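Student: Using the hints provided, position chain H relative to the given structure of chain U.
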Amino acid sequence: MIEHKIKIVNNAGLHTRPAANIVKLASKYKCEFFLIKDGLNINGKSIIGVMTLAAEKGSEITLVFDGVDEELAANEIVDYFNRGFDE
Amino acid sequence: MKINESSIAQKESITVELFYNSIVDRFKIRLLNERVGFDRLIKDPNLHRPGLPLAGFLELFSYSRVQVFGNTEMRYLLNLSLEERTKSLENIFKYDIPCLIISNEHEPTPEMLELGNKYKIPIFGSAFSTTKAIFLISDFLDDQFAPRLSVHGSLVDVYGVGMLFIGKSGIGKSEVALDLVERGHRLVADDVVIITKKGEGILMGAGTELVKHFMELRGIGIIDIRSMFGIRAIRFQKRIEVVIELEVWDEKNEYTRTGLDNSTTAIMDVEIPYVKLPIIPGKNITVVSEIIALNYLLKHYGYDAAKVLQDRITSKIRQKNEEMNRAVDYFEHDFE
Numbered sequence: 004m005i006e007h008k009i010k011i012v013n014n015a016g017l018h019t020r021p022a023a024n025i026v027k028l029a030s031k032y033k034c035e036f037f038l039i040k041d042g043l044n045i046n047g048k049s050i051i052g053v054m055t056l057a058a059e060k061g062s063e064i065t066l067v068f069d070g071v072d073e074e075l076a077a078n079e080i081v082d083y084f085n086r087g088f089d090e
Numbered sequence: 012m013k014i015n016e017s018s019i020a021q022k023e024s025i026t027v028e029l030f031y032n033s034i035v036d037r038f039k040i041r042l043l044n045e046r047v048g049f050d051r052l053i054k055d056p057n058l059h060r061p062g063l064p065l066a067g068f069l070e071l072f073s074y075s076r077v078q079v080f081g082n083t084e085m086r087y088l089l090n091l092s093l094e095e096r097t098k099s100l101e102n103i104f105k106y107d108i109p110c111l112i113i114s115n116e117h118e119p120t121p122e123m124l125e126l127g128n129k130y131k132i133p134i135f136g137s138a139f140s141t142t143k144a145i146f147l148i149s150d151f152l153d154d155q156f157a158p159r160l161s162v163h164g165s166l167v168d169v170y171g172v173g174m175l176f177i178g179k180s181g182i183g184k185s186e187v188a189l190d191l192v193e194r195g196h197r198l199v200a201d202d203v204v205i206i207t208k209k210g211e212g213i214l215m216g217a218g219t220e221l222v223k224h225f226m227e228l229r230g231i232g233i234i235d236i237r238s239m240f241g242i243r244a245i246r247f248q249k250r251i252e253v254v255i256e257l258e259v260w261d262e263k264n265e266y267t268r269t270g271l272d273n274s275t276t277a278i279m280d281v282e283i284p285y286v287k288l289p290i291i292p293g294k295n296i297t298v299v300s301e302i303i304a305l306n307y308l309l310k311h312y313g314y315d316a317a318k319v320l321q322d323r324i325t326s327k328i329r330q331k332n333e334e335m336n337r338a339v340d341y342f343e344h345d346f347e
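Note that the protein sequences, when read in sequence, are chains U and H.
In terms of my numbering, the first sequence opens at residue 4 and continues consecutively.
In terms of my numbering, the second sequence opens at residue 12 and continues consecutively.
One chain only, chain U, in its complex shape (with noise of 0.2 Å):
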């Protein structure tokens, strides 16, 4: 099991478009995706969910990866976040 504290960077936050992608990226993978933030834990693999988090810029989420291919999913999902969404 893998977790990553990270921040959201861009301006306009964890909107539709970037939650759409997260799950889209997080489905290539077999293992298991969670976020975490104000005691809300999120299936990652769920368009829904992430879009429940309504995370604004600045505010913090944990994510845990958990399976096989973890640590591939990591890299390409935490990059994703650091690099603000591609915003």
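Among the hints, erroneous ones may be present.
Claimed, not checked - In silico EDC-like links for lysine to aspartate or glutamate, alpha-carbon gap of 20 Å or less:
| id | chain 1 | residue 1 | chain 2 | residue 2 |
| --- | --- | --- | --- | --- |
| 1 | H | K179 | U | D72 |
| 2 | U | K40 | U | D82 |
| 3 | H | K54 | U | D41 |
| 4 | H | K105 | H | D150 |
Unchecked claim - Computed from the model, here is a short list of chain U residues facing chain H with C-beta under 10 Å:
| id | residue |
| --- | --- |
| 5 | I39 |
| 6 | N44 |
| 7 | I45 |
| 8 | K48 |
| 9 | M54 |
| 10 | S62 |
As the list claims (entries may be wrong) - Which chain H residues face chain U? A few, computed with CB under 7 Å, are given here:
| id | residue |
| --- | --- |
| 11 | I14 |
| 12 | S18 |
| 13 | A20 |
| 14 | T83 |
| 15 | Y87 |
| 16 | H163 |
| 17 | S180 |
| 18 | D202 |
| 19 | T207 |
| 20 | L221 |
| 21 | I231 |
| 22 | D235 |
FYI, nobody ran anything at the bench for these hints, they're computed from the structure.
All values derive from a computational prediction rather than experimental measurement.
Backbone N, C-alpha and C fix where the C-beta goes; we use that ideal spot for every residue, glycine too.
Tutor: Below, chain H without anything else, positioned relative to chain U:
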């Protein structure tokens, strides 16, 4: 699959402002003194009636609770002289009490309001009787301080039974929920279900405020169940009574055949009936879910089919009847 309980959240405090805004209309509450001390924190779901502290016994005074002044407290205060009354009140106002509620529409005395302003303690009045006010406010605070957990699943009210569907992403939880809605049942939440533990054995499930009755269907996108099917298709919250785990059929796994072994799963230490449903070709999960709900209702009303059949077999064995009997032994002139 175990439900991940690592993120159980519980509020440690709420502000008096949130408390006031939430109950002002609901419980006929009004602010009596100036708007002071609204940033005070309520850290305890219990209430306290400060009869003894008013009389001067301040040991073990539960000052961190919301203080309720009912008939007894008010009558006691009115029986004192102005000087004694001010002293008695000042004794408890010196403590860090979050707020004060005067029930039964009693009028606060002028020095009480002054002291409230001076020590920045909000004083509220309630039109309800003390017992009713305490009951309602306790229930509200219990709910606010209850442990909460978010799980990935769908919650549907099927014939009045709250069924929580869990399972891996893409197994078809949303599709089952949609199918159930189509058949006249009511959706509570899809994808993210917030579970609140009420009292000792009750789990209430609800959606999140933001997405409520939206749903994602793979290949289609996001749909809104409420706009699509109307008010009959949704509800805001429901007690969770059965947990159904959907999984791909695994021949190594054993599935219950008789239903005599009532398996349960624990969510926040509450035992809930639990069914593991394998998905196989030709199996209509929606209909099976309805059957599970009906069977739950039958059991709840005292009829357990598996037990009844077991009892029948046991008594038959005892009779040592060797013949294989038909359901009806002889039914005259029935040639249909």
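Student: For each hint, tell me whether it holds in the structure or not.
Tutor: Status of each hint after checking the structure:
no.	hint	in the structure
1	H:K179 <-> U:D72	16 Å, holds
2	U:K40 <-> U:D82	19 Å, holds
3	H:K54 <-> U:D41	19 Å, holds
4	H:K105 <-> H:D150	28 Å, violated
5	I39	6 Å, holds
6	N44	4 Å, holds
7	I45	6 Å, holds
8	K48	4 Å, holds
9	M54	7 Å, holds
10	S62	14 Å, violated
11	I14	10 Å, violated
12	S18	4 Å, holds
13	A20	3 Å, holds
14	T83	40 Å, violated
15	Y87	43 Å, violated
16	H163	4 Å, holds
17	S180	4 Å, holds
18	D202	4 Å, holds
19	T207	12 Å, violated
20	L221	6 Å, holds
21	I231	12 Å, violated
22	D235	11 Å, violated
Consistency with the previously given hints fails for numbers 4, 10, 11, 14, 15, 19, 21, 22, ordered from lowest to highest.
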